[in-house]
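Protein chains in written order, with numbering that gives the first Met the number 0: chain A, 0 to 278; chain B, 0 to 732.
There may be inaccurate statements among the hints.
List of simulated lysine-lysine pairs, DSSO-like, C-alpha gap at most 27 Å [stated by the list, open to error]: (1) A:K25 - B:K716; (2) B:K29 - B:K80; (3) A:K22 - B:K715; (4) B:K508 - B:K580; (5) B:K453 - A:K158; (6) B:K715 - A:K25; (7) B:K428 - B:K559; (8) B:K293 - B:K390; (9) B:K74 - B:K580; (10) B:K42 - B:K78; (11) A:K22 - B:K716; (12) B:K78 - B:K50; (13) A:K158 - B:K715; (14) A:K274 - A:K158; (15) B:K580 - B:K550; (16) B:K528 - B:K453; (17) B:K293 - B:K304; (18) B:K559 - B:K580.
From the derived model, a few chain A residues whose C-beta atoms are all more than 12 Å from chain B [unchecked claim]: (19) S85; (20) T166; (21) E219.
Quick caveat, the hints were computed from the structure, so don't treat them as lab data. We put the beta carbon where it would ideally sit given N, CA and C, even for glycine.
Listed below are the residues making up each chain.
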Amino acid sequence: MKTLNFILLLTVLLSCGDDNFRKVEKLSGFRVLGIKASSPEVTDSLVGTSVTLSLIVSDVNGGGRTVSGIVETCFDPGVGYGAEVSCDHDPNATTGPYSINFSGIGPDQPYSLNRYTGFVTYPVDIPENLLTGRSSRDQFNGVAYLTIFTFNVDGETLKFFKRIIVTNRTGAELNSNPTAGNIQLNGSDILAFPQSGQELSIGSSVPQTYTYRTVENIDETRTEEFQVAWYVSEGELSLSKTYIDEATEYDGSAPTGDSVVVAIVRDDRGGLDFKIFSP
Amino acid sequence: MSFLFGLLFIVSAMAQVEVKGILIEKGTRKALKDVSIFILPHKVKAVSDEKGNFNFSNVPAGECEVIVNLSGYKKYEKKTKCEALGDLKIYLEKVFYTGFETTVTTKVNKRDDQGQSLTQEEFIKAPGSFGGDPVRAAQNLPGVAANGASAQIIVQGASPEDTSYLINGHRVPIVFHFGGLSSVIVPEAVERVDLLPSGYGPEYSRAIGGIIGLTTKAPKTDRWHGMAYVDLLNTGGLVEGPIDDKSSFLMAGRYSYIGQVLKAVAKNNEDLELTAAPTYYDLTSIYKNKLNEKNEFRTTFVASKDELELVFNKPVGNDPSLRGDFYNRTEFFRFIPQLVTEINSKHRLDNSVAIGRDNILVNITGNYLDVNSFVITQRSELTSQWTPTYKTYVGLDNQWNDSRVGINLPVSTEIGGVRGPFSVGEEKKFTTEANQTLLGAYIRQEIKTSEDSKWTYLPNFRADHFSINQETHLQPRFQLRHQWDSSLLLRGAWGKYVQPPRPQESSAKYGNNDVRSPYAFHTMVGFTKDFKEGSTQGFEVTNNYFYKELKDLVNPDVQKRFVNNGTGTILGGEVQAKYRKDNWSSQVVYTFLKSERHTPGYGTRPSEFDQTHNLNIIGAYNLERWTFSGRLRFVTGNPYTPVMGATFDADNDVYIPTRGSIYSQRFEAFKQLDLRVDRKFIYDTWILTAYLDILNVTNSVNPQSIEYSYDYTQNKKVRGLPILPTIGVKGEF
């Protein structure tokens with residue numbers, strides 16, 4: 000435990016960030032900011048279960064280009080235990096091409112005009128009997144089915160993934176996405192891009208309570224803890240991540256062109272909702 | 000009338016008086032015995048006894064001069080009026096009060112040639128020891144290196160986890176306070192620090208890397224002594240002295256206010272807020288009682304506590320899910336009664352028990368590790384000199400832990416020193432109570448074929464049983480000693496060493512309860528050549544070669560959490576050359592080693608602690624009240640694993656690093672120059688020492704780790720300890 004203790008201490012103390020690093024909240028090149036599943040958790044053995052993923056994507060300096068890559072699906076190799084994010088281990092993995100056209104505008108692809116931030120969708124079919132042979136704890140808490148996207152953009156490989164939790168729980172026991180309220184600017188619905196000193200915040204639906212089975216097979220009642228990830232196309236934020244109803248302060252000059260603010264609410268177990276504002 | 004005055008004058012001149020006094024060393028108040036004291040012009044002489052007392056019974060009254068001329072001391076000459084005196088105090092001043100040592104090593108217990116030790120006199124003034132810290136001074140010894148600015152110690156390329164820390168032979172969780180700035184016992188309460196790096200005897204085990212042990216001193220019995228010091232980082236003190244003819248007592252303590260300094264520095268930091276300044280303190284007390292001719296009782300109490308609490312106002316670095324409270328506390332105490340019985344001229348029995356508690360609490364934004372252990376360790380050793388050529392040490396070395404562990408932590412996803420974000424690891428939350436028993440028994444034999452034989456054979460044996468995995472290990476160990484002549488000692492050793500798996504590795508809830516105990520085979524040969532030929536000046540050279548073969552090393556595994564699929568080798572040589580001439584002493588210590596590990600899937604690679612070259616050059620010069628000293632260190636940079644990219648985890652909003660070839664790159668070499676100046680002010684009954692200690696005079700960057708941007712596309716190396724001057728004063732009597 001001596002090592003663990005020491006590592007944790009060092010990790011925290013040495014990770015305070017460098018001022019010269021790119022800010023996590025600043026949008027510029029191609030990025031995936033989050034992936035919302037129509038059902039973050041599904042019940043195993045339901046034939047034909049399909050989940051729609053909504054990829055919240057941004058490419059504000061991309062000029063409306065198309066980025067291409069592949070998408071793979073497979074069961075979790077053990078990412079939570081240090082395994083590489085990959086589908087190489089799964090003989091039943093699926094692979095296919097996928098591309099995102101940032102110039103497209105439509106009801107299913109509501110990109111911010113000229114700022115190329117919005118969402119695109121991808122349907123995932125969940126195979127049956129993923130829980131076969133798993134422990135009762137795994138079956139209850141669920142195992143992850145991964146969807147991995149890999150793109151080559153500007154000569155770099157960008158990889159991101161989403162888990163869909165497959166469990167033996169059913170109905171109301173399954174996790175559902177939170178519902179984000181409108182982005183607030185100084186306490187009112189946002190109507191214009193923020194100016195320096197103004198505060199951004201967002202509300203949401205009430206966090207759910209749920210049951211988690213510990214390694215001791217004790218069923219523990221927990222309540223979701225929502226966090227909000229903030230992104231802006233201009234300037235900086237005092238906090239890149241806030242709790243619900245906590246404000247983050249904008250610092251930057253007024254935008255010269257189109258601009259965008261994104262808020263993504265996560266429920267800490269795979270559920271997500273988002274709001275995009277572009278004046 | 001004039002006749003009367005003349006008579007009175009003659010009578011007065013002829014009067015004899017008795018002059019009594021005491022001769023003591025100035026500053027230290029040490030009694031000087033067998034020293035001649037003269038009174039002129041009468042040419043009378045007295046000799047001081049054991050307590051420094053002297054007595055002139057027939058000294059003509061009147062003007063006289065007291066003279067003491069002792070080698071190593073300034074000549075004492077004082078004109079006074081000789082009259083009946085009973086309390087003449089002569090404070091004799093030494094020429095040098097600054098006998099600066101540079102790690103002059105002695106044999107451990109006079110029995111284990113494979114180890115080295117530093118006495119208090121040596122480490123207390125060692126340059127670069129940060130005010131005489133014994134463990135930091137031990138880092139000057141061959142084969143020893145610091146792990147950056149951490150509290151960890153690397154012994155001959157082994158993992159710090161494979162090195163065991165002992166106080167009076169009993170295991171303790173730490174020997175360094177927070178950040179490795181100082182050891183957990185006030186230096187003046189430590190008699191010596193021992194280093195047993197490879198091929199050590201059967202007395203110790205459960206450490207395949209090495210042993211570092213602190214031995215507390217016996218309280219002084221001549222009179223009451225005291226010491227207090229204050230410097231930029233901490234303050235402390237010690238008192239010791241006799242209680243009665245048979246018993247004596249020592250108490251020492253220290254409190255660090257380094258946290259107050261950091262708190263002031265962090266006051267305007269928007270990123271974090273120090274709610275409780277990091278602090279540490281320790282307390283040591285020792286009681287010794289000579290019960291009778293055959294029995295001596297000693298009890299030692301050691302307590303230590305380190306504490307830090309802060310709040311991260313902003314999400315941190317590349318793991319934005321970390322935000323909020325951080326709290327770390329490490330504390331332990333040991334109460335160690337010890338009874339030494341001289342059974343007869345041939346047999347001696349040494350019994351000791353350590354009773355204590357360990358508590359480690361780390362709380363990071365609701366994730367925590369809380370370890371509470373009640374610990375009892377017990378050692379017994381019967382030493383028997385059966386014949387002039389055959390001696391045995393038979394002993395028991397047992398440990399019992401009753402632990403309560405509370406964990407709410409994600410599984411560590413660290414591989415090759417690169418850790419995945421905190422929020423990605425599979426959560427493990429549980430509370431467990433566990434008893435762990437470690438039993439050990441050993442025999443050490445010293446055999447000579449004849450009394451005048453130059454060879455000594457040491458066929459040793461040890462057995463250990465670990466309840467944690469129900470394993471019993473038999474460990475043969477063999478040492479060989481050849482005293483070629485009075486100045487040349489040849490030695491060699493081979494042995495098997497086993498240690499139990501760490502609790503997190505063998506925990507059924509966190510790790511894998513099928514994990515076996517890793518073990519190692521040590522082989523070493525070496526010699527020590529003393530060119531001084533009985534003098535205190537000249538050269539002494541020690542040269543050792545070592546080879547360690549590591550088996551069943553425990554590695555992380557995705558499926559089973561931990562498995563015994565690691566092996567390793569450590570091969571190296573070390574040389575220590577010491578030179579002393581007049582007021583100058585110096586030492587060059589160099590270690591070359593190659594430490595490799597092999598893991599299926601990752602191939603053979605350097606160990607994280609593979610430091611090819613480790614060079615220490617130490618020098619000191621004494622100038623009466625002044626001492627100037629310095630240490631230059633050069634160590635090959637530690638290997639590290641490069642990060643080649645990262646995968647975005649859309650659920651946790653973090654990037655998971657993609658590792659390159661494990662430990663395939665190295666940090667720049669570690670270079671550090673430390674300087675220290677001591678100035679002593681000698682008063683009759685006490686000594687004041689002022690010192691300036693500057694670590695890393697050249698402000699070398701010495702990168703220790705790498706910091707990454709949130710997506711791992713940018714990085715920078717985190718520098719090591721910057722230039723750190725410390726000034727302080729110490730008073731002692």
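Quick one: which hint numbers does this structure break? Sort them smallest to largest. 4, 5, 15, 17, 18, 19, 21
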